[in-house]
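Q: One line per chain: the protein sequences are R and X, in this order. Just so you know, we're using the working numbering here: the first sequence kicks off at 1 and counts up by one. Just so you know, we're using the working numbering here: the second sequence kicks off at 1 and counts up by one.
Any given hint might turn out to be false.
[What the hints assert, rightly or not] No more than 25 Å apart at the CA atoms, straight line, and that leaves these computed lysine to any residue pairs for SDA-like:
1. K96/X x I55/R
2. K40/R x S92/X
3. K36/R x Q78/X
4. K36/R x T5/X
5. K36/R x Q2/X
6. K96/X x A3/R
7. K9/X x G93/X
8. K96/X x R63/R
9. K41/R x P7/X
10. K22/X x I55/R
11. K22/R x S40/X
12. K44/R x Q78/X
13. K67/R x Q78/X
14. K36/R x P7/X
15. K41/R x P69/R
16. K96/X x S86/R
17. K22/R x G105/R
18. K106/X x Q45/X
19. K96/X x L111/R
20. K71/R x K41/R
21. K99/R x S92/X
22. K96/X x H73/R
23. K19/R x R43/X
24. K67/R x K106/X
25. K44/R x A1/X
26. K41/R x G66/X
27. K41/R x H71/X
Note that these hints are calculated values from the structure, not bench results.
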Amino acid sequence: DTAVSQTPKYLVTQMGNDKSIKCEQNLGHDTMYWYKQDSKKFLKIMFSYNNKELIINETVPNRFSPKSPDKAHLNLHINSLELGDSAVYFCASSVQGEKLFFGSGTQLSVL
Amino acid sequence: AQRVTQPEKLLSVFKGAPVELKCNYSYSGSPELFWYVQYSRQRLQLLLRHISRESIKGFTADLNKGETSFHLKKPFAQEEDSAMYYCALKASGTYKYIFGTGTRLKVLA
Numbered sequence: 001d002t003a004v005s006q007t008p009k010y011l012v013t014q015m016g017n018d019k020s021i022k023c024e025q026n027l028g029h030d031t032m033y034w035y036k037q038d039s040k041k042f043l044k045i046m047f048s049y050n051n052k053e054l055i056i057n058e059t060v061p062n063r064f065s066p067k068s069p070d071k072a073h074l075n076l077h078i079n080s081l082e083l084g085d086s087a088v089y090f091c092a093s094s095v096q097g098e099k100l101f102f103g104s105g106t107q108l109s110v111l
Numbered sequence: 001a002q003r004v005t006q007p008e009k010l011l012s013v014f015k016g017a018p019v020e021l022k023c024n025y026s027y028s029g030s031p032e033l034f035w036y037v038q039y040s041r042q043r044l045q046l047l048l049r050h051i052s053r054e055s056i057k058g059f060t061a062d063l064n065k066g067e068t069s070f071h072l073k074k075p076f077a078q079e080e081d082s083a084m085y086y087c088a089l090k091a092s093g094t095y096k097y098i099f100g101t102g103t104r105l106k107v108l109a
C-alpha cells in the first residue's frame, strides 16, 4: 500500500494550459504539504493544510491554488502554465508537523 | 529569517572513507533539525532527527547550537550511501520545514 500517492507521475503540457496534480495519503495524517523541487534540486515549500485548513501559504503566484477536500487529499491546480513552472512537485504528509512522508513526485514539463 | 545552508553540492568519497555532510542553519529560536535522504529512484525519506539522538545506517548528526550546525557523519562510507541528502529545519511549534539545497553524495568503489 502506497502511503502518499501522487498522480500523474509525469505531466507534459503547453504554456498557457491549466493542469492539476492530485495527492492522497492513507496514513491518517492531519497535515499535508506541497513542495517544489527545481532543476537545481532545491526543495521549496509552497503550501500546507492542517485538517483541511490552509496554514502555510508561501510566496507563490496566484496561478497556483491548492484544494483540500478532506484530510486525506490535497490537490494542486495550476492556471496559465509558464515555462518556469517546470519542476518536480512533491506532496508530503505528517502528523502535527512531525516526520514528513513524501510522495514520489510529479515531474511537470511545460513546453 | 530561517535558513538552512548546505555548502557542498557534490561530495565524492571513496568506499571506507569517513564522510561528513555539512549543514548550517539560521534561526533565532529553538529549532528541530532533520536529515532527509533520497536514494536513486526512491522517494525522499527521513534519515534521522536531532531529538532522537540515534544512529541510522551508521550515520549520526549532532546539533551544535553554538556553531548553529547539524553536520551528518559516517565513519566508513558504503556505496549504497550514494544519494541526495537534505538538511531541514523546523521551527518549534510550527508545521513549516525549511530545506537546504541538498548535497549529492557519491561513494566511489
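Q: Next, verify each hint and record whether it holds.
A: Here is what the structure says about each hint:
Only pairs whose Cα atoms come within 25 Å are accepted, and K96/X paired with I55/R is accepted, the gap being roughly 9 Å. Between K40/R and S92/X the alpha-carbon distance is near 28 Å, which puts this suggested pair outside the 25 Å criterion. With a CA separation close to 30 Å, the supplied pair K36/R and Q78/X exceeds the 25 Å bound. Distance hint between K36/R and T5/X is fulfilled; the C-alpha atoms sit about 18 Å from each other, no more than 25 Å.
Using a Cα cut-off of 25 Å, the hinted pair K36/R and Q2/X holds, with the two alpha carbons roughly 18 Å apart. Taking the CA atoms of K96/X and A3/R, the gap is about 21 Å. The hint holds against a cut of 25 Å. Pair hint K9/X plus G93/X does not hold up; C-alpha atoms about 30 Å apart against a cutoff of 25 Å. Between K96/X and R63/R, the direct Cα distance comes to roughly 22 Å. Compliance with the 25 Å bound is thereby established for this hinted pair.
For the given pair, K41/R sits about 14 Å from P7/X by alpha-carbon distance, which is consistent with the 25 Å threshold. Under the criterion of a C-alpha separation no larger than 25 Å, the hint pairing K22/X with I55/R is inconsistent with the structure, at around 30 Å. Restraint check: the Cα-Cα separation between K22/R and S40/X comes to about 23 Å, which is no more than 25 Å; the hinted pair holds. For the hint pairing K44/R with Q78/X, the CA-to-CA distance comes to about 29 Å; that exceeds 25 Å, so the pair is violated.
Restraint check for K67/R and Q78/X: the C-alpha separation of about 42 Å exceeds 25 Å, so the hint is violated. This hinted pair checks out: K36/R and P7/X have alpha carbons roughly 20 Å apart, not beyond 25 Å. Proposed proximity of K41/R and P69/R is contradicted: the alpha carbons are some 30 Å apart, above 25 Å. Taken as a hint, the K96/X and S86/R pair is honoured in the structure, with Cα atoms around 23 Å apart against an allowance of 25 Å.
Of the supplied pair hints, the one linking K22/R and G105/R holds, its CA atoms being roughly 11 Å apart against a limit of 25 Å. Between the alpha carbons of K106/X and Q45/X the distance comes to roughly 18 Å, so the proposed pair stays at or under 25 Å and holds. Proximity of K96/X to L111/R is assessed by CA-CA distance (about 32 Å); at most 25 Å being required, the pair is judged violated. The suggested pairing of K71/R with K41/R is violated, with an alpha-carbon distance near 28 Å, which exceeds 25 Å.
Pair hint K99/R plus S92/X holds up; C-alpha atoms about 13 Å apart against a cutoff of 25 Å. Of the pairs offered as hints, the one joining K96/X and H73/R holds, with about 19 Å between alpha carbons and a cut-off of 25 Å not exceeded. A hinted pair counts as satisfied when its Cα atoms are at most 25 Å apart, and K19/R with R43/X qualifies at roughly 23 Å. For the hint linking K67/R to K106/X, the alpha-carbon distance of about 39 Å lies beyond 25 Å, and the restraint is violated.
For a cut-off of 25 Å, the pair hint linking K44/R to A1/X stands: about 15 Å separates their Cα positions. Note on K41/R and G66/X: the hinted pairing is violated, with a Cα-Cα distance of about 29 Å set against a maximum of 25 Å. Between the alpha carbons of K41/R and H71/X the distance comes to roughly 19 Å, so the proposed pair stays at or under 25 Å and holds.
The structure is inconsistent with the numbered hints 2, 3, 7, 10, 12, 13, 15, 19, 20, 24, 26, although it conforms to all the rest.
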